[in-house]
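A.B. asks: Sequence:
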Amino acid sequence: MAVPIRTAVTALCASLAAALLTTAPAQAEQHDRHDRHDQSWSLSKGARAPRAQVTLDDTTGTLSLAVSREGRTVIEPSPVGIVTEHADLSKDLRFLHRKDRTVEERYRTKSGKRLDRRVRMNETRLSFATAAGARLDLVVRASADGIAYRYVPPAGAGDVLGETSAFNLPPDAKAWLGTYRADNEGQFAQYTAAAAPTGEYSPQALFSTDGGYTLLAESDLTGAYSGARLAHTQGTGGYQVKLADERVTSDGPLATPWRAMVTGDLATVTRSTFTDDLAPASKVRDTSWIRPGTVLWTWLAGGREAGQSLDAQKAYVDYAAERHWPYEAVDAGWYYRPGEWDVTDPDWQSDSWMPELVRYARAKGVGIVVWIHQRDLDTPAERAQWLPTLEKWGVKGVKIDFMNSEAQPMLQWYDTILAETAVHHLMVDFHGSTIPKGIQRTWPQVMTLEGVAGEEKRTNTAAHLTTLPFTRNVIGSMDFTPGAFQRVGLRPNSDAAEVGLAVAYESGLQMLAGTPESYEARPLARAYFDQIPAAWDDTRLLAGEPGQEAVLARRSGARWFLGGIYAGAARTAEVPLSLGPGRWLVETIRDGADGLVQDRRVLRGGDTLTVDVVANGGFAGLACPWRPGITTCHR
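Going by the numbering used here, the first residue of the sequence shown is number 1, and it counts up by one from there.
Hints in this document: simulated from the structure, not taken from any laboratory.
Mixed in with the good hints there might be a few duds.
Calculated lysine-lysine pairs in the PhoX-like style (CA-CA distance at most 20 Å, straight line) [claimed, not checked]:
1) K364 - K392
2) K91 - K45
3) K364 - K314
Here are the in silico distance ranges between beta carbons for each label pair [unchecked claim]:
4) T59 - Q234: 22 to 32 Å
5) V488 - K99: 57 to 67 Å
6) D378 - A615: 37 to 47 Å
7) G568 - R600: 24 to 34 Å
8) H634 - P355: 51 to 61 Å
Using N, Cα and C, we set each Cβ at its ideal position, and we do this for glycine too.
Kindly produce the complete structure, drawing on both the sequences and the hints.
C.D. replies: Below, the structure is given as structure tokens:
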């Protein structure tokens, strides 16, 4: 009887893997001969840093990984393993050897919590094999603010059929979870790890245990793999990694995305850049054309109609120029006029008023960002039409919408569009999209991504708003689009809290969603937005508890901008002014009986800043070093 093709291929791959195993260099085999029989390995970056403990079960040959911090539980022993087309690399494993190295890097970003970054990690590569000779390398990294691991199966392992990876939490651990959606726009709510309803959740899940706070995340996700979500069954503390694809195509060497655990106290987690630090270095050599900044976004300001009107867009440009805001965004409608354009016509570009708008805006010092649907960029021919044309017109950036998938084919599209927008010097804002996952380090023209239940969502709660700085915004820029003062009754927060969102939420392109009329009616908010810088030198959490309050301070030069948001009853907020020694002039904007009110006071570093906050309210602030004669921090 003929041997089935799949059986023959499997046997051949197993033989090749065994041959590779037996011919491994003797030096590697000798590297850790002394712990050949040790079935547990640990890794940490320091005494107070999180510690990973990998254990190989002698009976089943299965791997587990646990995380602790200063001797207290962060993640309970959790399954680790991957299943490929030709080998089950989740069981019947035996230990081969261990290699250790340090990872030290410096890099600079164009946006984010701080521009200058320094990476210091310890890395351990643990090599295992099945009885048939199929090999698996488990790579674990430890830093002061996180633990991460990834799988490196051998070449020829075939397609990936799934992971056994999971995260086991103490059942009573506090949990802040967002229901999974393909557009990553689920709202966050608080549960305990075991009590959360059965279902699928965003991979950016936050937990509080005896060992501190831990945000689950992933990094270095590309079209070589598939996006992940967390599957949970009520009554247990387990969260299983579930891939978007039942089968991940792989025709060569593979390193899976990092499964990351950002770990520490809440301040450490909030200011962490761990997922960026894990990602590959920038693929864009010249980044001089990438310039973050404030954007006048017109969609929620009535832009549905304005998108089809050159005169309306010129008026918005005029307002952005008056305010010295560097960009204006033209959303949907500007090229969807039925029957007007035939993009197969070589001269189709001549029908657009966009070049005229770009020229008009350029003369006033304003750059134009344009919305475009992903379906109009999903083929090589369409990209060859659109991207060079937008560059020729002088458009500064594209807001690409409606990907709504993290399956492998869509991730491969991301790989392509990222490379091509870099070539054509177009900054990118992704909507209906994946979440950052290290993308902004590797492709710095990505200024922001939606992947959040943002200002457009009428179902937002104040608790959701105060959870975002500790979940979604931890891992990268977030296009929430704050500033929609005109949406009274459609948002849960106060005007002062809305001003504070522009600082509490970091975004490389901060899309402000108000109308010019709403800004003019709130001159304190308008003047504050005029001061917001293009990028941040540092970020600190001054006070916070997910679902209740979040006060963040972001520094630009010598000045600190403060954004405070609260859920629940009115109160007098007390905020430690942890900005540094010396005296500080602090200006705050709060809600008053007849609108926004500004207060000024001089405080010392370490003093408590008190602000009266209305129900579901907040505040915005600006602090600068004080000396006699200084009366304002505004420039």
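A.B. asks: Next, verify each hint and record whether it holds.
C.D. replies: Evaluation of the provided hints:
1. K364 - K392: Holds, because 19 Å separates the two Cα atoms, which is no more than 20 Å.
2. K91 - K45: At roughly 29 Å apart (the allowed maximum being 20 Å), K45 and K91 break the hint.
3. K364 - K314: Holds, because 10 Å separates the two Cα atoms, which is no more than 20 Å.
4. T59 - Q234: 22 to 32 Å: Cβ of T59 to Cβ of Q234: about 30 Å, so the range 22 to 32 Å holds.
5. V488 - K99: 57 to 67 Å: Once the Cβ atoms are compared, 60 Å apart, the range 57 to 67 Å for K99 and V488 holds.
6. D378 - A615: 37 to 47 Å: holds, 46 Å
7. G568 - R600: 24 to 34 Å: For G568 and R600 the Cβ distance comes to about 27 Å; the hint holds.
8. H634 - P355: 51 to 61 Å: violated, 37 Å
Going down the numbered hints, you'll see the structure goes against 2, 8, while the others check out.
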